[in-house]
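I would like the entire structure built from these sequences, with the hints used as guidance.
If you're matching them up, the sequences are chains A and B in order.
Under the numbering used here, the very last position in the first sequence is 472; numbers go up by exactly one each time.
Under the numbering used here, the very last position in the second sequence is 472; numbers go up by exactly one each time.
None of these hints come from the bench; they were simulated from the model.
We put the beta carbon where it would ideally sit given N, CA and C, even for glycine.
Please note: incorrect hints may appear among the correct ones.
Quick list of the computed label-pair ranges, beta carbon to beta carbon [unchecked claim]:
1) 189(B) with 433(A): 41 to 49 Å
2) 312(B) with 394(A): 48 to 56 Å
3) 297(B) with 266(A): 42 to 50 Å
4) 414(A) with 261(B): 34 to 42 Å
5) 450(A) with 398(B): 51 to 59 Å
Number of protein chains: 2
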Amino acid sequence: MSSLSYAIIGTGAIGGYYGARLQQAGCEVHFLLRGDYEAVRHSGIAIESIDGDFELPQVKAYSQSTDIPPVDVAIVALKTTQNNHLHTLLPPIKKGGAILSLQNGLGIEADISRQLKGQLKEREGTVPDILGGLCFICSNRIGPGHFRHSAYGRILLGAHNPTAQPCTPTPLMGAIAADFAKGPIAIETTDDLPMARWQKLVWNVPYSGLSVVLDATTEEMMADSGVQSLITTLMAEVINTANAWGEQTSPGTNRHLPFSLIDEMIAHTEVIEPYRTSMKIDYDENRPLEVETIVGNPLRAAQAMGVSVPTMTMLYQQLSFLNNR
Amino acid sequence: MSSLSYAIIGTGAIGGYYGARLQQAGCEVHFLLRGDYEAVRHSGIAIESIDGDFELPQVKAYSQSTDIPPVDVAIVALKTTQNNHLHTLLPPIKKGGAILSLQNGLGIEADISRQLKGQLKEREGTVPDILGGLCFICSNRIGPGHFRHSAYGRILLGAHNPTAQPCTPTPLMGAIAADFAKGPIAIETTDDLPMARWQKLVWNVPYSGLSVVLDATTEEMMADSGVQSLITTLMAEVINTANAWGEQTSPGTNRHLPFSLIDEMIAHTEVIEPYRTSMKIDYDENRPLEVETIVGNPLRAAQAMGVSVPTMTMLYQQLSFLNNR
Numbered sequence: 148m149s150s151l152s153y154a155i156i157g158t159g160a161i162g163g164y165y166g167a168r169l170q171q172a173g174c175e176v177h178f179l180l181r182g183d184y185e186a187v188r189h190s191g192i193a194i195e196s197i198d199g200d201f202e203l204p205q206v207k208a209y210s211q212s213t214d215i216p217p218v219d220v221a222i223v224a225l226k227t228t229q230n231n232h233l234h235t236l237l238p239p240i241k242k243g244g245a246i247l248s249l250q251n252g253l254g255i256e257a258d259i260s261r262q263l264k265g266q267l268k269e270r271e272g273t274v275p276d277i278l279g280g281l282c283f284i285c286s287n288r289i290g291p292g293h294f295r296h297s298a299y300g301r302i303l304l305g306a307h308n309p310t311a312q313p314c315t316p317t318p319l320m321g322a323i324a325a326d327f328a329k330g331p332i333a334i335e336t337t338d339d340l341p342m343a344r345w346q347k348l349v350w351n352v353p354y355s356g357l358s359v360v361l362d363a364t365t366e367e368m369m370a371d372s373g374v375q376s377l378i379t380t381l382m383a384e385v386i387n388t389a390n391a392w393g394e395q396t397s398p399g400t401n402r403h404l405p406f407s408l409i410d411e412m413i414a415h416t417e418v419i420e421p422y423r424t425s426m427k428i429d430y431d432e433n434r435p436l437e438v439e440t441i442v443g444n445p446l447r448a449a450q451a452m453g454v455s456v457p458t459m460t461m462l463y464q465q466l467s468f469l470n471n472r
Numbered sequence: 148m149s150s151l152s153y154a155i156i157g158t159g160a161i162g163g164y165y166g167a168r169l170q171q172a173g174c175e176v177h178f179l180l181r182g183d184y185e186a187v188r189h190s191g192i193a194i195e196s197i198d199g200d201f202e203l204p205q206v207k208a209y210s211q212s213t214d215i216p217p218v219d220v221a222i223v224a225l226k227t228t229q230n231n232h233l234h235t236l237l238p239p240i241k242k243g244g245a246i247l248s249l250q251n252g253l254g255i256e257a258d259i260s261r262q263l264k265g266q267l268k269e270r271e272g273t274v275p276d277i278l279g280g281l282c283f284i285c286s287n288r289i290g291p292g293h294f295r296h297s298a299y300g301r302i303l304l305g306a307h308n309p310t311a312q313p314c315t316p317t318p319l320m321g322a323i324a325a326d327f328a329k330g331p332i333a334i335e336t337t338d339d340l341p342m343a344r345w346q347k348l349v350w351n352v353p354y355s356g357l358s359v360v361l362d363a364t365t366e367e368m369m370a371d372s373g374v375q376s377l378i379t380t381l382m383a384e385v386i387n388t389a390n391a392w393g394e395q396t397s398p399g400t401n402r403h404l405p406f407s408l409i410d411e412m413i414a415h416t417e418v419i420e421p422y423r424t425s426m427k428i429d430y431d432e433n434r435p436l437e438v439e440t441i442v443g444n445p446l447r448a449a450q451a452m453g454v455s456v457p458t459m460t461m462l463y464q465q466l467s468f469l470n471n472r
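Below, the structure is given as structure tokens:
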């Protein structure tokens, strides 16, 4: 099977690493950049990775999306705080192609879908599939075109369904997964992208949020019994909200997350290397925080369904304050 | 009426200012100091005050309480984090005398009472009255023996009652109030010290706590609608707890705080000068925080009575983490 062509919209810690892996696997990859454009155009991309270092001295670099030729898959790896500009950043997408968001949080695919519908005419009636990929990875940008992949790397791939129901993976998703697997990237598909996003939020809401408010690494938080207790409370609120959402969208189907996730995630976080969350890195580097997709959207879902989430509410209020300052 | 004699246990921002006012008013005042002992013994105390600057070139300074002669009133103005050492810091107190805590928070008088009971034998059966004074003041130490009083200054004086019931002011309290009034310090007495302490906590829990967690002045907090909403929630939790306590200790007597306090306190805080709370000053200067008396004791009272206080719980967990680090 011949590989697909890709555009990487946002060549940062996530887009830079996975895009480089796809190019290394033989795919045609187009990288959209801003500040690092000149450096990457001249010197390419260098990856330090626990799975082996490599360099791509030549990559197809672009400073504006209108220069990118039509591709099969546009991979969105911007911070979600920039998603409101997405309609100006997407390249042409071939018929039958897709947009794949490798971003964190909730409501991302629906937001992309809304932006595309507004553009329907310019796109000549072709609306690409919208996919989401959850990245379980520690990757950082350490210089222009220079990325360090320090742990994990798995992707969980699912499709956006406007009806919010589970849906089986499409052939295109299989082809995308095959390209990543050549990377080699561990990649799986899921029937239920929304619940997978909720499950990732069970970790992300407490650890990302509190790492900023408490100015702390995962290790420092885990060493404090009071913070552990707070993390447990926040996780339970996320699970309660996810399960209310599952019951509302698919009544009686037992579409839910088990509360055993709490102990599993806490035990897992206790043994991983001390970890600075991406939200904390954004905060330390004075970048806007992904508060709305990671905490705001789950919170508003809870409020709309009448789920009691007092600690998530307080976390959102605190993060919004710190983000606005 | 001749004035009383006083010992100031902890000559900091509060003890230094009020002790100097009492000496200026003609009272006999003994100042217990630690780090500033030599400086104050040689150069006395200097006060910059919105009510007029003054200097006391000579004060009775002590580095240990055993050198202090018996006094009528021992004024405790330590940080409450040091109260566990109080039994070694109190001077002899004359028969019929009192201990007056000018400290913030809940459970302070009961804690002092417990410590004194443990000492009953050494004190030859004389247990002094225990009083509490709530200080509404902005005062800071700006150098050894040098204090700046920048706003307010009022004291609300009440007696500790082991039965937790309201009690009418004693003649001794009247004499103390008369000495302060000569200061001149605005001073009033209250029948209900515990409810006065709860009322002060309605302000202190949110503003002191969040000023540390959010690294913010009162002005910065008031400018953010989300934080204002969080402050409102915290205030309501404190009032709910206070009212449950009032009902538990004095059933059917309507011993409660009105919820209108919330709007009053927020409106008041909006118009005062930008203010760094004393807990924030402690945090910035790497001193232990008064987390237990200001947030921990109200929280434990709520838990013991089954009052739902999720945001106070989260605030306590966050402050404890920051305090322990």
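Now the hints, each set against the structure:
1. 189(B) with 433(A): 41 to 49 Å: For residue 189(B) and residue 433(A) the Cβ distance comes to about 48 Å; the hint holds.
2. 312(B) with 394(A): 48 to 56 Å: holds, 50 Å
3. 297(B) with 266(A): 42 to 50 Å: Violated: the Cβ-Cβ distance is about 58 Å, outside 42 to 50 Å.
4. 414(A) with 261(B): 34 to 42 Å: holds, 40 Å
5. 450(A) with 398(B): 51 to 59 Å: violated, 37 Å
The structure fails to meet hints 3 and 5 from the earlier list, while all remaining hints are met.
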